[in-house]
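Peer 1: This is what each chain is made of:
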Amino acid sequence: MIEVKGLVKTYGNKRAVDGVSFTVRPGDILGFLGPNGAGKSTTMKMITGYIRPDAGTATVAGIDVAKDPVAVKARIGYLPESAPAYGEMTVLEFLNFIAEVRGYRSGAERRERVERALARTHLEPVRRQAIETLSKGYKQRVGFAQALLHEPPCLVLDEPTDGLDPNQKNEVRALIKTMAADRAVILSTHILEEVDAICNRIILISKGKVVVDETPEAFHARRPGARLDAIFRELTTADA
Amino acid sequence: MSQIAPVFKREFLGYFRSPVAYVFLIVFLVASVGLAFFVGGFFKANQASLQSFFVFHPWLYLFLIPAVGMRLWAEERRGGTIELLFTLPLTTLDAVLGKFFAAWAFLGLALVLTFPLALTVGWLGDPDWGVIAAGYLGSALMAGAYLSVCALLSSLTKNQVIAFVLGVVVNLALVFLGWSVFNGLLSGFLPVSAVDFIANLGFIPHFDALSKGILDPRDFAYFGSVMALALTLNVVALER
Numbered sequence: 001m002i003e004v005k006g007l008v009k010t011y012g013n014k015r016a017v018d019g020v021s022f023t024v025r026p027g028d029i030l031g032f033l034g035p036n037g038a039g040k041s042t043t044m045k046m047i048t049g050y051i052r053p054d055a056g057t058a059t060v061a062g063i064d065v066a067k068d069p070v071a072v073k074a075r076i077g078y079l080p081e082s083a084p085a086y087g088e089m090t091v092l093e094f095l096n097f098i099a100e101v102r103g104y105r106s107g108a109e110r111r112e113r114v115e116r117a118l119a120r121t122h123l124e125p126v127r128r129q130a131i132e133t134l135s136k137g138y139k140q141r142v143g144f145a146q147a148l149l150h151e152p153p154c155l156v157l158d159e160p161t162d163g164l165d166p167n168q169k170n171e172v173r174a175l176i177k178t179m180a181a182d183r184a185v186i187l188s189t190h191i192l193e194e195v196d197a198i199c200n201r202i203i204l205i206s207k208g209k210v211v212v213d214e215t216p217e218a219f220h221a222r223r224p225g226a227r228l229d230a231i232f233r234e235l236t237t238a239d240a
Numbered sequence: 241m242s243q244i245a246p247v248f249k250r251e252f253l254g255y256f257r258s259p260v261a262y263v264f265l266i267v268f269l270v271a272s273v274g275l276a277f278f279v280g281g282f283f284k285a286n287q288a289s290l291q292s293f294f295v296f297h298p299w300l301y302l303f304l305i306p307a308v309g310m311r312l313w314a315e316e317r318r319g320g321t322i323e324l325l326f327t328l329p330l331t332t333l334d335a336v337l338g339k340f341f342a343a344w345a346f347l348g349l350a351l352v353l354t355f356p357l358a359l360t361v362g363w364l365g366d367p368d369w370g371v372i373a374a375g376y377l378g379s380a381l382m383a384g385a386y387l388s389v390c391a392l393l394s395s396l397t398k399n400q401v402i403a404f405v406l407g408v409v410v411n412l413a414l415v416f417l418g419w420s421v422f423n424g425l426l427s428g429f430l431p432v433s434a435v436d437f438i439a440n441l442g443f444i445p446h447f448d449a450l451s452k453g454i455l456d457p458r459d460f461a462y463f464g465s466v467m468a469l470a471l472t473l474n475v476v477a478l479e480r
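Chains as they are written, first to last, in this note's numbering: chain E, 1 to 240; chain P, 241 to 480.
One chain only, chain E, in its complex shape (with noise of 0.2 Å):
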């Protein structure tokens, strides 16, 4: 469970991030949306205890990242923007990397970890190849796989789609739903179809403030008939 209150961030004079709060339970698959530069990634490295909150706090599993910021990064998996990885290193050579800082120290845990998490993310082909030598799309399961490892009970995603082919969204839309059954996912994307896929909570977050908390279908019921990204254009640009 994450629990999110009053989290505040200002870089310089912008407030990034201005009292957001809301919570996540198991079992949900919560669509953090907003325009870019909102404060959605600014929000998710607070949970994820990348960044240090100016004010409110943030606790995973009842553990206050302020606090105990390893226990709770041990609890995250955390899929950054982008997915970053170490380029010169090999699929499985990460991997066990991760697994080794994960805690798996044993040879055969470490092993099995891995191969799970590869043949999840259907990483087996490209297992042997240097990651900076992959498509965007085997970088992204590379990112996805480091985030699954220790399953985690909370998973942080930041833009998981971005980038993917139609084809690829849908197998990774897949894998988190798949994931999603007893943890508590929090997914930010700016792709509305994204969050009817698969979310079944919506967070819109416009200008650093929560402006809605629901589910899709209050969302969508806000202007019956009308696509998502009207009623999305709607409320982000209502006071610009």
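To be clear, the hints were calculated from the coordinates, so they are not data collected in a lab.
Predicted model, so just to flag it, every value in this text is computed and none were measured.
Yeah, the Cβ is synthetic: ideal placement off N, Cα and C, and Gly gets one too.
Honestly, I wouldn't trust all of these hints.
Each pair of labels, with its calculated beta carbon distance range [as the list claims (entries may be wrong)]:
{"no.": "1", "chain 1": "P", "residue 1": "Ala285", "chain 2": "E", "residue 2": "Asp68", "range": "55 to 61 Å"}
{"no.": "2", "chain 1": "P", "residue 1": "Lys249", "chain 2": "E", "residue 2": "Ala108", "range": "44 to 50 Å"}
{"no.": "3", "chain 1": "P", "residue 1": "Phe437", "chain 2": "E", "residue 2": "Arg105", "range": "45 to 51 Å"}
If the Cβ cut is set under 7 Å, some of the chain P residues that face chain E in the computed set are [said to hold, decoys possible]:
{"no.": "4", "residue": "Arg250"}
{"no.": "5", "residue": "Val260"}
{"no.": "6", "residue": "Glu323"}
{"no.": "7", "residue": "Leu324"}
{"no.": "8", "residue": "Pro329"}
{"no.": "9", "residue": "Thr332"}
Fit chain P to the given chain E structure using the hints.
Peer 2: This is chain P only, laid out in the frame that chain E set:
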């Protein structure tokens, strides 16, 4: 602290995943041995010692160690992998020490590979092996001090060229402080005690003592303090 090992392993092997390691090792060996033979008068000195080999190390390290240290953090920032690293369950100190020890071990390897020179001296004459061992120890400690400064500077930028140039400049200052020519200049207008104090802040006096076989705890304390200070600032810079 157990998290240092995987970081160390990835970083150390990382040097060998690119041509960096081989280029560095070859340049280091050619330059260090070449300077000893052609500039230092290794044979002409007619002494069974490595004095003419070690005397160039402070100057050689000036360029070679920033080349090893510049990538430590700048590359992580440029590639975005720093976000991945710091959302894994490890502390900043784990990461700083893991990376530092890996780069230091790599420099240690370069130093160890100069062993044929020591064997040559042993074959031609009857050297004092204790002095040679102390010289290697002193050189390794000095390399660690140089490296810790470069690691710190690398964490301040995502540009490796800037990290390299800053590394050369700051280390040059630390070499100059203890360089006899510079100290001679200072003694023209400063009292002896002040010049002594300044010289003691530099690398050379401490390294000279060790390379002559004098094991003074104060020299160990000096190099240890430089490393501890630089690495502490490194942690602070990354957590900022």
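Peer 1: Each hint should be assessed against the structure and marked as holding or not.
Peer 2: How the hints compare with the structure:
1. P:Ala285 - E:Asp68: 55 to 61 Å: holds, 60 Å
2. P:Lys249 - E:Ala108: 44 to 50 Å: violated, 18 Å
3. P:Phe437 - E:Arg105: 45 to 51 Å: holds, 48 Å
4. Arg250: holds, 5 Å
5. Val260: Violated: closest Cβ of chain E sits about 10 Å from Val260 (chain P), beyond 7 Å.
6. Glu323: holds, 5 Å
7. Leu324: holds, 5 Å
8. Pro329: Status holds, d = 4 Å.
9. Thr332: This hint is violated: Thr332 (chain P) lies away from chain E, its Cβ roughly 10 Å from the closest one there, beyond 7 Å.
In the structure shown, a violation is registered for the earlier hints numbered 2, 5, 9, in ascending order.
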